[in-house]
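**Q** Sequence:
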Amino acid sequence: MMLDSIQYFLFPNFCPWFGEGLPLTYPFRPNADSPDNAPAPPAPKMVKLGPNQPFEPVIGAMGTIFDQDDANIPNVQLGLKTWPGDSAGATLARYQESRIRHFHHVPAKVIPQP
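Counting in this note's numbering, the final residue of the sequence shown is number 833, and the numbers go up one at a time with none missing.
No lab work stands behind these hints, which were simulated from the structure alone. Among the clues, some could well be false.
Unchecked claim - Across the chosen pairs, the derived CB separations fall in these ranges:
{"hint": "1", "residue 1": "816", "residue 2": "729", "range": "16 to 24 angstroms"}
{"hint": "2", "residue 1": "766", "residue 2": "825", "range": "30 to 38 angstroms"}
{"hint": "3", "residue 1": "746", "residue 2": "803", "range": "21 to 29 angstroms"}
{"hint": "4", "residue 1": "780", "residue 2": "832", "range": "37 to 45 angstroms"}
{"hint": "5", "residue 1": "791", "residue 2": "758", "range": "38 to 46 angstroms"}
{"hint": "6", "residue 1": "798", "residue 2": "761", "range": "41 to 49 angstroms"}
{"hint": "7", "residue 1": "822", "residue 2": "796", "range": "16 to 24 angstroms"}
{"hint": "8", "residue 1": "783", "residue 2": "763", "range": "18 to 26 angstroms"}
From the three backbone atoms N, C-alpha and C, an ideal C-beta is built for every residue, glycine too.
All chains, full assembly: derive it from the sequences and hints.
**A** The structure is reproduced here in structure tokens:
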């Protein structure tokens, strides 16, 4: 259980990601042009990586994980299939990817469609 990374999504703009030794939080700011927002802090210097450049030298230890994930992408994409009987496109896993499915359903319910 200590090795598992658990990420939650609290609608509309907060995403805590708990894990032993690496707790991260992703807050999402609303529209920066809104007068209701506090002044934004200065943006950090942008670092652009080329298609074959590793993350590790730029962001440290977490970059090693991103580099490993990046190397696995072609193999993962080979395994993407549509489950027989489902609509066209990639099928989300019934349990493991339920957060992704929920992430798309909640804004669709809350945000008015044109």
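**Q** All the hints need checking, so say for each whether the structure fits it.
**A** Now the hints, each set against the structure:
| no. | hint | verdict |
| --- | --- | --- |
| 1 | 816 with 729: 16 to 24 angstroms | holds, 18 angstroms |
| 2 | 766 with 825: 30 to 38 angstroms | holds, 32 angstroms |
| 3 | 746 with 803: 21 to 29 angstroms | violated, 40 angstroms |
| 4 | 780 with 832: 37 to 45 angstroms | holds, 42 angstroms |
| 5 | 791 with 758: 38 to 46 angstroms | holds, 40 angstroms |
| 6 | 798 with 761: 41 to 49 angstroms | holds, 42 angstroms |
| 7 | 822 with 796: 16 to 24 angstroms | holds, 21 angstroms |
| 8 | 783 with 763: 18 to 26 angstroms | holds, 21 angstroms |
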